[in-house]
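Colleague: In case you want the letters, here they are:
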Amino acid sequence: MPTYTLNTPLTDADIEKLRAGDVVLLNGIIYSGRDAAHKKLMDLLDAGKPLPFELKGASIYYVGPSPAPPGRPIGSAGPTTSYRMDAYAPRLHALGLKASIGKGKRSDEVKKAMQEHKAVYFGATGGAGALLSKCITASKVIAFDDLGPEAIREMTVKDFPLLVINDAFGGELYAKPKLDD
Amino acid sequence: MREIKAADITAAVAQMCMSANTKLPADVRKKFEEGHKNETTEAGKEIFRQLLENADLAFETKLPLCQDCGLAIFYVELGEDVFVPGGVNKAITEGMVAGYKDGFLRKSSCDPLTRKNTGDNTPAIIHIDLVPGDKLKISYMAKGGGSENMSRVTMLSPSQGWEGIKKFVVQRVAEAGPNPCPPVILGIGIGGTFEYAPKIAKQALLRKLDDVHPDPKVAAMEEELLTAVNKLGIGPMGLGGSYTCLAVKIALAPCHIASLPLAVNVQCHSARHEEVEF
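Chains as they are written, first to last, in the numbering used here: chain S, -12 to 168; chain D, 7 to 284.
If you're looking for bench data, these hints aren't it; they were derived computationally from the structure.
All C-beta atoms in this analysis are idealised placements derived from N, C-alpha and C, irrespective of residue type, glycine included.
Among the clues, some could well be false.
Unchecked claim - Just the calculated beta-carbon pair ranges, DEER-fashion: (1) D:Pro118 with S:Tyr(-9): 37 to 47 Å; (2) D:Arg121 with S:Arg6: 29 to 39 Å; (3) D:Lys172 with S:Glu159: 26 to 36 Å; (4) S:Pro(-11) with D:Lys36: 31 to 41 Å; (5) D:Ala225 with S:Glu159: 30 to 40 Å; (6) D:Val218 with S:Lys4: 48 to 58 Å.
Let's have the full structure, built from the sequences with the hints guiding it.
Modeller: What follows is the structure, given as structure tokens:
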């Protein structure tokens, strides 16, 4: 299957070449953000205040890492389940978010928003947090420090291994459960 | 009465929390190796390869296997002739807090409404059963939120019986799809009451994956559910394949003549648990 090495921020051209099932090795800056951080981002938008990072071209990683032990930039850092961010994702895609990274299914609204605004949903391997942390070379909290593991971090990634789960053309990688009715 | 020092319990629990989060149980590892060899899809094989590499790395570096180090669940068998000055609950809780702090484990507990993190992973969820004798057994499980969210309790009608149970379980796994980090392990509580069914469902997850239920009828039910769930083809991380579920563990309890309580506790592939005995 095709493998692409991409650098953030992602462009429309990057997104247009990706199809569900492609492997992507992502490089550059990504931002961590999960449940509580997303809620706070919405509060900032509602109040007309600036966000703590540039959303245009950005990639958000749904992750709440474990604490960094001495000598490491970060602890374990695998994806959390994405559907909990479905309520927020369409608004962020409309404002320029190019990719979200997580695990599990997305809602039809998010899939539609990704098609409308040229964005993709990447899957990282759930439960492989120690392994994935090897690709994160730097990490610092840039917002909502009080949220602890849910704070927004700016992370530098090197060849972060991802699968395109939902592309910008309606394609999806996940297997449909075979149920006999 | 036999006296067990609270400090000994605290130290053992702290060690157990750190160890369980960094060392994949041997029975789970064996299933990953089997899956890596036998999974029918390349994508599924690759997931097993990554999970084995992740387990090796976690063991070497002492980074947690998964960043979600869970809420800390304890099933305790406390002998009626055991005396712990200071209290068992407090000793376990202090051990959990120390283990999560010293092991750089993630604290994932928060206020349900304000969502403010409690900061030290408290409260530990402790289920104590009083048993005859002067022994103390503490089983610990790191239960992640992703798989817990996919779990369900339902009150079936007795007329629905085994077929109804089977249908509910298969439907649950199908709807959960890739969300709970398959291949999953299912703890199934059948019977009891509204609160008792999920308690025994979770407890069943403490069994070894390759053990066989002592009651052949229940063992056959576990096999039947495992086969039915694996026919779904969801596969490792939802990428398709024959390994959707690694094992089904059933716990039964008598229930009210009007009821058929059913609890499905979904466990992710990172099935982290250990036990200590005094």
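Colleague: Are there hints from earlier that the structure breaks, and if so, what are their numbers?
Modeller: Going through the list in order, the structure violates no hint and respects every one.
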